[in-house]
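Line by line, the protein sequences are chains A, B, C and D.
Take the first sequence: its letter number 28 is residue 24 in my numbering, and every next letter is one higher.
Take the second sequence: its letter number 126 is residue 122 in my numbering, and every next letter is one higher.
Just add 1 to wherever you are in the third sequence, counting from 1, and you've got my numbering.
Just add 1 to wherever you are in the fourth sequence, counting from 1, and you've got my numbering.
No wet-lab data here; the hints were simulated from the structure.
Keep in mind that the hints are not guaranteed to be accurate.
Using 20 Å as the maximum straight-line C-alpha spacing, the simulated SDA-like pairs for lysine to any residue come out as follows [unchecked claim]:
no.	chain 1	residue 1	chain 2	residue 2
1	B	K80	B	R95
2	D	K105	C	Q114
3	B	K290	B	R196
4	B	K290	C	K153
On the chain B side, residues computed to face chain A include the following (Cβ under 10 Å) [as the list claims (entries may be wrong)]:
no.	residue
5	M20
6	S28
7	F35
8	S173
9	F183
10	N187
11	T188
12	T192
13	K201
14	V202
15	Y205
16	I243
17	F260
18	L261
19	M263
To spell it out: a stretch of chain A is covered by chain C in this simulated footprint if at least three of its residues, at any positions, have a beta carbon under 8 Å from a beta carbon of chain C; those stretches are [as the list claims (entries may be wrong)]:
no.	region
20	190 to 202
21	275 to 282
Ideal placement from N, C-alpha and C gives every residue a C-beta, glycine not left out.
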Amino acid sequence: MRFALFIFTQTLRNIRHSWGVQLMTLLTVILSVLIFSFFYLIYSNMLQAGEKFGEELRLTVYLQASLSPAQQQEFTEKVAAFGKVDRISFITPEQAFQRLARQLGNDSDVLADLNPAFLPFSAEIYPHKDIRNLTRIKEFAEYLKNLPGAQKVQYGQAWVERFGHFVKLLRFIVIISGTLLILTTMFMVSNTLRLTLFARQDELKVLRYLGATNSYIKGPVLIEGFALGLFGAGLGLAALFFLFQWIRNHFSSAGFLQLFELRFLPMTNSAIILLGSIMLCTLGSLLSIRRLLKK
Amino acid sequence: MRFALFIFTQTLRNIRHSWGVQLMTLLTVILSVLIFSFFYLIYSNMLQAGEKFGEELRLTVYLQASLSPAQQQEFTEKVAAFGKVDRISFITPEQAFQRLARQLGNDSDVLADLNPAFLPFSAEIYPHKDIRNLTRIKEFAEYLKNLPGAQKVQYGQAWVERFGHFVKLLRFIVIISGTLLILTTMFMVSNTLRLTLFARQDELKVLRYLGATNSYIKGPVLIEGFALGLFGAGLGLAALFFLFQWIRNHFSSAGFLQLFELRFLPMTNSAIILLGSIMLCTLGSLLSIRRLLKK
Amino acid sequence: MLETLNQPPAAASPALVEVVKVTKIYPPDVVALKNVSLSAAKGELVFLTGPSGAGKTTLLKLLCRQEIPTKGLIEIDGNDLNNLSDNDIQKLRQRIGVAYQDFKLLPRLSVFQNIAMPMEVQFKSPGEIRSRVTELLEKLGIREKQHKPAGKLSRGEQQRVAIARAAASSPLLLLADEPTGNLDAATTGLVMALFQELNDNGSTIIIATHDESIYQGSNHRKFELKQGELF
Amino acid sequence: MLETLNQPPAAASPALVEVVKVTKIYPPDVVALKNVSLSAAKGELVFLTGPSGAGKTTLLKLLCRQEIPTKGLIEIDGNDLNNLSDNDIQKLRQRIGVAYQDFKLLPRLSVFQNIAMPMEVQFKSPGEIRSRVTELLEKLGIREKQHKPAGKLSRGEQQRVAIARAAASSPLLLLADEPTGNLDAATTGLVMALFQELNDNGSTIIIATHDESIYQGSNHRKFELKQGELF
Ligand SMILES: Nc1ncnc2c1ncn2[C@@H]1O[C@H](COP(=O)(O)OP(=O)(O)OP(=O)(O)O)[C@@H](O)[C@H]1O
Ligand SMILES: Nc1ncnc2c1ncn2[C@@H]1O[C@H](COP(=O)(O)OP(=O)(O)OP(=O)(O)O)[C@@H](O)[C@H]1O
Ligand SMILES: [Mg+2]
Ligand SMILES: [Mg+2]
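Excised from the complex, chain A in its bound form (with noise of 0.2 Å):
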């Protein structure tokens, strides 16, 4: 008891006696989480969008005669065969004349004598986003090609190409940026760390001569060590939020959100990142401290 009150006095003293650097210590750890935080949930957000504009992919399977309803069954199942797929609609030649009658506006008076059944009976699938690059893709238009009945499939092969490349590269420069950010941030705060602790040196070999123990010098830099992580993380986080607020309230006029939804961090995420700068404030200071009682 009266350990965790010396402790807890010491931690006071050097708060007190050293604010300004430990200010600008707190300031480091709240702007790299606020840095490293932001570019997460951009990230996270443009991963989310590139998802979104995924769900429009479909490939249509054009068939040589209409299905009866149970074959439209049994042409689901065989589908399902190959992968996941979130939906499967029919398209019968009257459906198709329409859309063609509404693709020409003004011009569509050039359909009028024509029967719509000239147009083919077709089917529009819609993969799952487990099969939904290049490579499968590709795949599974040639499974669909080869299912009885089947006469063509069609689907923006360029289009998927260049989604498969965008959301390559997306994830390639999330993944490389990260690396950077993490790395530098854990850096930057372990250096700052250090070099707190460094001035605070002459104090610390004082304490060893006067038969400190461990624990008694240690203690109040750990503490110290979480405070920063818990207080930097959570004014960075909370930094964030507002930002993030003014952000969506900027954009809340322009019809937007319903192109992109704007998302917070999930709380999940933002424990993660709590939990991190406490990690890695608590572990930097001990380690910091290590080297220098070892001198």
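Following the hints, complete the assembly by docking chains B, C and D with the ligands onto the known chain A.
Just chains B, C and D with the ligands, lined up with the frame of chain A:
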């Protein structure tokens, strides 16, 4: 001359006596520059890609009657009166008919008996990027509709809206995260400089007590700051360049570069980053040392 | 706790400090102590003298394990300093008070806090700390400075703070390195009276000094070092 | 350069140091000096004595503009210290050598580099620096330590380095604060001989000390401070 020699000797002595801290500070600057310029590189490539997409934007004006080459010339001038235009192409009913046939693909036989003349004569206008934003495009469409002979104006309104929002959000994010990054790196670098000089406070005090002039004390510190900024930014940009090359090679196999052309930072921007880093480090050192000397 | 370390009950020898054939070489080539042997009995007060650079401070540093000897054996209260774990060294240091030649005060902490440190490190109760610190401040004539930061005192005042800190936990062994170098005759008297009192209460005291006035005429033993050798 | 500042040719008074009714109060309430007046002629050697905390160091700090007086006038070589620009203060400091009570050496620089500093600051030639430093090292008996970092010397050796640094540029005025606190009798002799030599060459010297042995029997003037007042 002797002055310069002394300053130089002093600088070397300082670096030798605290190379550990100096190295850490250098690493801080390198990482800051690397991360800042990396994100700058990503954004400038994204904005460029965004612009490329923008080039696909066109407005189609359906006209009441075909235009003779002279009339086309006249029409072009009238259009240009509103604002700069990249290109105008006139589409004859025959061309439009062929397009429709291509669109229908295998089913094009449906059009076989029809006279292309039922399709209108039209002009496709590719606006200059200056007027490629949503409000201007709307005004432009309005203007085109009121031109003599114009029957109807069509453009991908939804697409333009989406694209406009996307570019706006991108700009916004670039500005906010750029500001955040600049502030953070500036803060981190100057805080590190401050802490480093702090450790040399006693030495500076002694020099003052011995009657050293301000330039004698500041000289080495400024040179160090300058060298730090120069080497920090130089090595940071070099690291970025190698990272960039690596990414590009990694993606060169994917027939991807036709879509996005990845470009390194232009010379001027690299130079600005270099100069900014030198200024920041020199100024940071100067301010820190002035504060220390005042004490 | 440390008592349990006294496994062999110090073989009838009442020596608290035992230094046997100790050599200390600072790398690469500074021979600070050469084959020095001496001992101090429990409760004894001894002087260590010698010219500047003779090795007085080095010897004291060896006694509190701030440095380790290049060769030779050092025992404090029966504990071989070479064979102590890190934790035991800290325990032992709690029972040794050292007034450093360069004071080693924490300049931003107050005089009171500086003197209280060794007792805080031993988790003494706040009341005990307060009364002991006040007593020492009184005895050394720096009571009115107790709330000033130690860095803002005159050198002589700082020296007294250093001595008070060394004496604070009534240590088994007190090492005082040049304790009166910055003090006038009257203040030196106060300091010596404090040492005498601690000595009377059973503390073993080793004073390194070049100030003849404090050891001349006393009947305490005196060791003289010259260029690292006992003379 | 500084010579031009001597606008009135010091009105027939040959005093180099002139302290008139100086009071120094450290905020908030520590009265370190009370209405102190004294002067030292060009080429004089004077002693400043008094018990610990009397204000000796404070007075020396005022003379080299390390502190500013709360009240009163201080003139060095005819320059009113209150009216000097920052640049002129630095010029003046180049002509005043100070051996601080706490040395203020740079522990990581070598002994040689420490002693050379005041001359480097004045852009003396490397040859001149080398010969002067070597001479001083010789005179104070620390020649063989010249390449060691100052922080790794014994306190008495460090004190001599501090004195050598103060004397290095043969200053107009030399302020020595407790210069022999860590020195034995023999080494004290070396230091006093050096001071005497500098004094013979025209330096004005003020020595603050409590060591009676160095001022007893000399025929130099002695100022005694007690609780901030001249006695
Ligand atoms: N950390 C060190 N590294 C290298 N040499 C050292 C170190 N400490 C002391 N020395 C050298 O060891 C010798 C003895 O030093 P010590 O400090 O023990 O002397 P001392 O008797 O205390 O002298 P003083 O009266 O001047 O304090 C000296 O020559 C000194 O230069
Ligand atoms: N920076 C400071 N801030 C506050 N008080 C101070 C400061 N420096 C000295 N004092 C106080 O001023 C008084 C005179 O101090 P000074 O250092 O001049 O004494 P001194 O005569 O040099 O003593 P010593 O012989 O112990 O060195 C002392 O009471 C001291 O506590
Ligand atoms: Mg010593
Ligand atoms: Mg003093």
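#### Entry: chain A contact restraint for M20(B) - C-beta distance below 10 Å
M20(B) check passes; min Cβ-Cβ to chain A is 5 Å, inside 10 Å.
#### Entry: Proposed interface contact between F260(B) and chain A, which counts if any beta carbon pair is under 10 Å
violated, 15 Å
#### Entry: Hint check, F35(B) versus chain A [nearest Cβ-Cβ separation less than 10 Å]
With a minimum Cβ separation of about 7 Å from chain A (threshold 10 Å), the hint on F35(B) holds.
### Query
Would the hint on K201(B) stand, with a C-beta cut-off of 10 Å toward chain A?
violated, 15 Å
### Restraint check, 10 Å cut-off on beta carbons, for V202(B) near chain A
Given a least distance of 17 Å, the restraint on V202(B) is violated.
### Message
Against the 20 Å threshold, does the CA-CA distance of K290(B) and R196(B) hold or violate the hint?
### Response
holds, 14 Å
### Interface hint compliance - Y205(B) to chain A, C-beta minimum distance less than 10 Å
Nearest chain A Cβ about 21 Å off; hint violated.
### Query
Can we keep the S28(B) interface hint, with Cβ of chain A closer than 10 Å?
Holds - the Cβ of S28(B) comes within 10 Å of chain A, reaching about 7 Å at its closest.
### Query
Can L261(B) be said to touch chain A, with a Cβ gap under 10 Å?
The hint is violated - L261(B) has no Cβ within 10 Å of chain A, the shortest such distance being about 15 Å.
### Query
Taking 10 Å as the limit, does the beta-carbon of T188(B) come near enough to a beta-carbon in chain A?
For T188(B), the interface hint holds, since the closest Cβ of chain A sits about 7 Å away, which is under 10 Å.
### Query
Per the CB criterion, is M263(B) less than 10 Å away from chain A?
violated, 23 Å
### Message
Is the interface hint satisfied for F183(B)? The criterion is a beta-carbon contact with chain A at less than 10 Å.
### Response
holds, 6 Å
Comparing the model with each earlier hint shows violations of hints 1, 2, 13, 14, 15, 17, 18, 19, 21; every other hint is respected.
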